[in-house]
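Following the hints, complete the assembly by docking chain Y onto the known chain B.
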Amino acid sequence: MYNQTAQRSRKYLYAVVAGGLETSYDALGINDSPVYSIPDRRVSAVVSDVSYERIRPERRYLAVHQRVLRRLMEETTPLPMSFGMIADGSNEIRKILSLNQEGFYEQLRRVEGKQEMGLRVVWDVENIFEFFVNVHPELRAARDRLREGQRAPTQEDKIELGRLFERTLDADRETYARRVEEIFSRHCREIKRNKCRNEHEVMNLACLVGRESGPEFEAIVLEAAKLFDNDFSFDYNGPWAPHNFIDLNLKL
Amino acid sequence: MHGLSLNDAERVSLCETLDRILNKGAVVAGELTLSVAGIDLIYLNLHLVLTSIEGARDKTTNGLMESL
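As they're listed, the protein sequences go chains B and Y.
Once you know that position 118 of the first sequence is 118 in the working numbering, the rest is easy, because the numbers rise by one and skip nothing.
Once you know that position 51 of the second sequence is 51 in the working numbering, the rest is easy, because the numbers rise by one and skip nothing.
No lab work stands behind these hints: they were computed from the structure.
Because the structure is a prediction, the values reported are computed rather than measured.
Any given hint could be a false lead.
Ranges of calculated distance between the beta carbons of each label pair, as one might list FRET restraints [claimed, not checked]: (1) Asn23/Y <-> Glu148/B: 41 to 47 Å; (2) Leu18/Y <-> Leu28/B: 30 to 36 Å; (3) Cys15/Y <-> Asp231/B: 21 to 27 Å; (4) Asn23/Y <-> Asn134/B: 30 to 36 Å; (5) Leu18/Y <-> Glu53/B: 31 to 37 Å; (6) Ala152/B <-> Asn23/Y: 25 to 31 Å; (7) Asn23/Y <-> Asp170/B: 18 to 24 Å; (8) Thr154/B <-> Cys15/Y: 33 to 39 Å.
Note that the Cβ used here is the ideal one computed from N, Cα and C, for glycine as well.
Okay, chain B solo, but in the shape it has when bound:
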């Protein structure tokens, strides 16, 4: 049913922050609407008004979501929401805050005064398969057996070789990730390992560090990189809101 009032009062949800004060932020939200907070006891939701019920993950909207989080990061550590959450009105928002008060509070305490940094390590080589064949004699031997065999390799032979490559890749990743994590764990509150996106990736880590430790993080990356040769490339990114350090399935 078409309802003008409900449509106007829908709220796009960016984050939840600590503190129970109504705040207006000097930031523009989706469609340039003002960004403000709706408090409930010890926590507040950061929102802006939208007219839609659903929102597509278009780049311009994603950029706004990210910009608002960055603005919040200037003064606090927000609990970032996933993109695209719209509540029917401020009552819905209060209900979410109220039902999940404990969870929010606990998570806010976990990330208080901290920020997330990302570390991505890749094999900086032209051809990852060739590189692995050169580094691992057993992989080379298996490949050569197929190449120089009396008969043409069957599909199964190829799959088997592929599996061996995968296993070798994963074993190497594990070894290197442990080596890097050992160094980082001395400086980070928490470390999370994310899935690698392609064969070139060695590891993809998210690190929860103190808010002021940006420069320090760079130094740790350099320290870790020293343990590796030029076939590896280290890249870090951030600071981010603690996206990877939230374990919350909100009740409604």
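For chain Y alone, coordinates are given in the frame of chain B:
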């Protein structure tokens, strides 16, 4: 215009951003009052398909009506 072309640094940062704000963070598991981006697209697509089928049917119906 090169509105869509990005340099490597921008592409990496866009990737990192998308990965975080689409896949991570708190979500509300309750779809009646709140909508989540992942589900939306499917709904939206379905909605578009429905609209176009219905739109087409309307046209056909209208066309039929007119010809009668």
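Evaluated hints:
In this structure, Asn23/Y and Glu148/B meet the distance hint of 41 to 47 Å, their C-beta atoms being roughly 45 Å apart. One distance hint, 30 to 36 Å for the beta-carbon pair Leu18/Y and Leu28/B, is violated here, with the actual separation near 21 Å. Between Cys15/Y and Asp231/B the beta carbon distance is about 22 Å. The supplied range of 21 to 27 Å therefore holds. Hint check: Asn23/Y to Asn134/B, Cβ distance near 35 Å, so the stated range 30 to 36 Å holds.
In this structure, Leu18/Y and Glu53/B break the distance hint of 31 to 37 Å, their C-beta atoms being roughly 23 Å apart. At roughly 42 Å, the beta-carbon separation of Ala152/B and Asn23/Y lies outside the given 25 to 31 Å, and the hint is violated. With their beta carbons about 22 Å apart, Asn23/Y and Asp170/B fall inside the hinted range of 18 to 24 Å. A C-beta distance of roughly 38 Å is found between Thr154/B and Cys15/Y, which places it inside the suggested range of 33 to 39 Å.
Violated hints, listed in ascending order, are 2, 5 and 6; each of the other numbered hints is respected by the structure.
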